[in-house]
Amino acid sequence: MNSEIRKIVVIGASVSGLISAYYLSHQLKTSGVQIKIISDGAKEQQHVISTHPSAHVLFQTLGIDIRQLMKATDATFNLGHEYIGWHPDQDKVFVPFTPPPQVAAFFDFHQFWLQAREQDPSIRSEDFSLAIQAARSGKFALPSQQNTHPLTKLSFGLNFNAQKLNDWLLSMVLKAGVQLFNNNIKTTVQKDNIIASVTLDDGTSVDGDFFIDCSGSTGSVSDVVMGPAMTDESTNFPANQMYRAVVGNGDQKSAPFVTLKALPNGWLKHSFLQGSNELVFAYNKDQINADTVRNGMQVNVEQDIESDGFSDISSTRRSKTWINNCLALGNASLPNPPMEASNLTILIKDIMRFVKLFPSHKKSLNAEEFNRLTNKSHNLIQDYQNMPLSLAKTERSDFWQDANQMNLSEDILHQMNLFKTHGRLAAHLDDDLIPNYQWVAMLIGLGVMPNSYHPLLDEVAQSQALNQIKNQVQQLLSTMPDHDQFLQKFMTG
Amino acid sequence: MNNRIKDIVIVGGGSAGWMAAAALSRYLGKDHYQISLIESDQIGIVGVGEATIPGIRDFNQKLGIDENEFMRATNATYKLGIEFNDWTKKGDSYIHPFSYFGHDLNGVSFHDYWVRDHLNGDRAPLSAYAPGYMAAKANKFAHPNQDPKSVLSRYFYAFHFDASLYGQFLRSKAEQAGVNRIEGKVVDVALHENGFIKQVELENGLSVGGDLFIDCSGFRGLLIEQALKTGYQDYSHWLPCDRAVAVQTSSVEEPIPYTQSNAQDAGWQWRIPLQNRVGNGYVFCSQYISDDEAIECLLNNVKGDVLTEPRVLRFVTGRRNKFWHKNCVAVGLSSGFLEPLESTSIHLIQTSIMKLINLFPNQSFYEADICEYNRQMTEQFDQVKNFLILHYKTTQRTDTDFWHYCKNMEIPDDLSYRIDLFKQTGQIAHCEKEIFVHENWMAVLFGQQLMPAAYHPKVDGIDSQQMNMILQQMRSQVAQAVNDMPSHMETINRFCRA
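Protein sequences, first through last, are from chains A and B.
So the number in the working numbering is just where the residue sits in the first sequence, counting from 1, plus 20.
So the number in the working numbering is just where the residue sits in the second sequence, counting from 1, plus 381.
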């Protein structure tokens, strides 16, 4: 055995910590690595936790039965995000996980849409996406024997009940032989910036060769090695508080997508589970007080609020998340605004990257490689999240004025400028978390329209393709069941 | 909305010019565009017999070219990789194949398994796991298949061909598609007030105007540099070779399915086997040997009869500051020069053209498009540059001043980081949509005798005995597949004899 990392200590038994512990155990147990987890008072901040399609790889690797998991966690399917009221050009902008249909090789779908629009400005690109039509009609299905058509290959994320997911993961983690310490951490013992152990509130010392901080709180273990995470002053994120309210679904059907609605003083994220749904309002606590927010929410929802709570939206970020034998993940590494890419999605990518770069020593050059790739990925996600705030054209309130003042990065400015010419995108910003077709949907939805379509598109043989696709979408849509119906059937196998 | 440009003028023939003409005429219809190519029979084409990398097959496919027809027309042979001799020490030899090595297992790169085994005393070489490598060594060639379960889907191929014949082959395609060839020599370039190129003036008095100009005029860079003064970045401190002498020789044996790169006292010698003759050349640094010494060395190290007069070419390794400037795009030698150590010249031409088609302009010539193009091309050039420097920097030779320089020179930070990372942890730094990816770096890092000090800890999770069995099975699958392949010559005879 050539590695000196034999014991890993995970801090924070939230979903983040538990998934990390579970994945690490699965990947490293046979190599003789022991995993321990310390709860450190971690609590689920939200009712709903969402994942991106890329998380399926993790589930598959872990041999997780999705049906079982969805059943245990009141889960629903998620086809994408709909931005409502962010820009006058398009009141509802759907950003789907599913790529658009292919009309011809070499040219992206939206080029054909742009071209068709010149003849008929009423042509809407959503009509060609089965994912968007299904989502808005409250329908969902997976490819089946009856439906093998390529358009039915929908990409989806999952929405989980956070507490139930936590319970489920905890049982899996314990079954996997991970040792759990249900305590808070009092002190961290380090020498030369290498952590030797942590001492718990009951005096127990937990030693380890590597420490993974999923706790998200300040004054945490990662602060000891890395110093406090810094606030990026230059971006001035407009929201610093979240208020979440959970209501029962009642007669309401669970929607297979998430909405992000622009309101006068912030935005409202709405996600569904089986049986309940969660509304999260992001705002600036210096602009409105808690009571106003609470009352405002109650006035706007029909059902009674079953539970609610306030939490901070952190603004801190680390450009280096792995130093020596300490790794900061999730909320300990970057801000957690309630927007598209959840911190769980990002954490899953980060922990998988960590295992790929698993070190043999407490000081490893792999940390530099990890930080290089992770920083790039986090930058891209932050840029993508800042973009709609900066470009929103909605209320003239203080909140939105602040939002519009946000600085956009060089990369985003380049992306916008490039898209504005002929609807093309920067090669270096194409990422599996934010693929090109998502950039397209967002940019168009925020009023960034190309001057004209690709100059060489007219050279491609014209076909009836667009109309055909539209008809196919309608036809397939009519055969799809209700999301709730599909869920029931799916979970009973 | 019609804001299209209309006239595309390509200055210069050769592979660059005719590849541009053939590709552009495929994507730009005759109804809307007029493509002209200006070349002079007077100006010699560099044509030294070309080796390529697998991307050329995509290019040919996009152009609707039949592979066998193309191979027949260009005297081509198949290429499975490049053999590097004497680069680390005299006597050392390895192939950089277009091939996977083994299979990744449990999300861990194959080479980590091999490293552990190697550290435990197992002597099976890494090459035994790469079907492309083993086929090359055995002088075999069979077309790979698409079956993911078969070892025959784990390698790729490219070609050696006569570049001037390729140019001619493409010329007939291009002319059929409506490209207008103009015989003539450009002697002057006229600009609009805004600095854009208005027209080129020929020796015979003819003027050719255009909206978009493609500069394929070679090292001169008639348009991009002489007219538009774009500027050049010199890379010679990292890649000191500045001359090449080339000669063709007769074949004395059946052609082998790989290029050879043999290190010499002040550079390296290439050997490119075509169907019925061989291209040879010595890329060298004039600071360390004279032209005559280089010619002598080259002639002493070729087999067969010398068929042509040795010609010495001079070059400055580097690249243009911008590849696309105003309404002029530099393709081929006018865009920059990186020695053909990894057969990248044709690929860079191909890439320049396809990226232009991707980012094709209309009359607005938006700065954002030009900026994106330059960013993408700069990235490509940088990757190749670093990959080439790797070969030189990791030498252990100090027997001549040239090699002593290479061994000790400063290198770009990015490359230095990659080498350190590999040496310390065995990780190959992540490659972003590059021309050279994980497998390529693996082949050269190991080939150049770098051995990681560690392997991925997950490897220890597999029992040694079990691992031995898996590795043995992999080796025999590769050996069996190669054994069953026909010889290189047999495959040529069967599909594409010139």
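Just so you know, these hints were derived from the structure itself, not from any lab.
Misleading hints may appear alongside valid ones.
For lysine-lysine, the following DSSO-like pairs were computed, each having C-alpha atoms within a straight-line distance of at most 30 Å [what the hints assert, rightly or not]:
#1 LYS63(A) <-> LYS49(A)
#2 LYS736(B) <-> LYS383(A)
#3 LYS195(A) <-> LYS211(A)
#4 LYS211(A) <-> LYS387(B)
#5 LYS518(B) <-> LYS440(A)
#6 LYS376(A) <-> LYS579(B)
#7 LYS530(B) <-> LYS440(A)
#8 LYS509(A) <-> LYS91(A)
#9 LYS173(A) <-> LYS443(B)
#10 LYS579(B) <-> LYS566(B)
#11 LYS490(A) <-> LYS814(B)
#12 LYS376(A) <-> LYS173(A)
#13 LYS376(A) <-> LYS195(A)
#14 LYS27(A) <-> LYS440(A)
#15 LYS396(A) <-> LYS566(B)
#16 LYS387(B) <-> LYS396(A)
#17 LYS173(A) <-> LYS411(B)
#18 LYS774(B) <-> LYS440(A)
#19 LYS340(A) <-> LYS736(B)
#20 LYS440(A) <-> LYS566(B)
#21 LYS281(A) <-> LYS413(A)
#22 LYS440(A) <-> LYS814(B)
#23 LYS814(B) <-> LYS396(A)
#24 LYS774(B) <-> LYS173(A)
Covered stretches of chain B, as calculated for chain A (at least 3 residues, CB under 8 Å) [said to hold, decoys possible]:
#25 402–411
#26 741–748
#27 791–803
#28 862–870
C-beta atoms are modelled at their ideal positions from N, C-alpha and C, and glycine is treated no differently.
Hint numbers contradicted by this structure: Numbers 2, 3, 4, 5, 6, 7, 11, 14, 15, 16, 17, 18, 19, 20, 24 and 28, in rising order.
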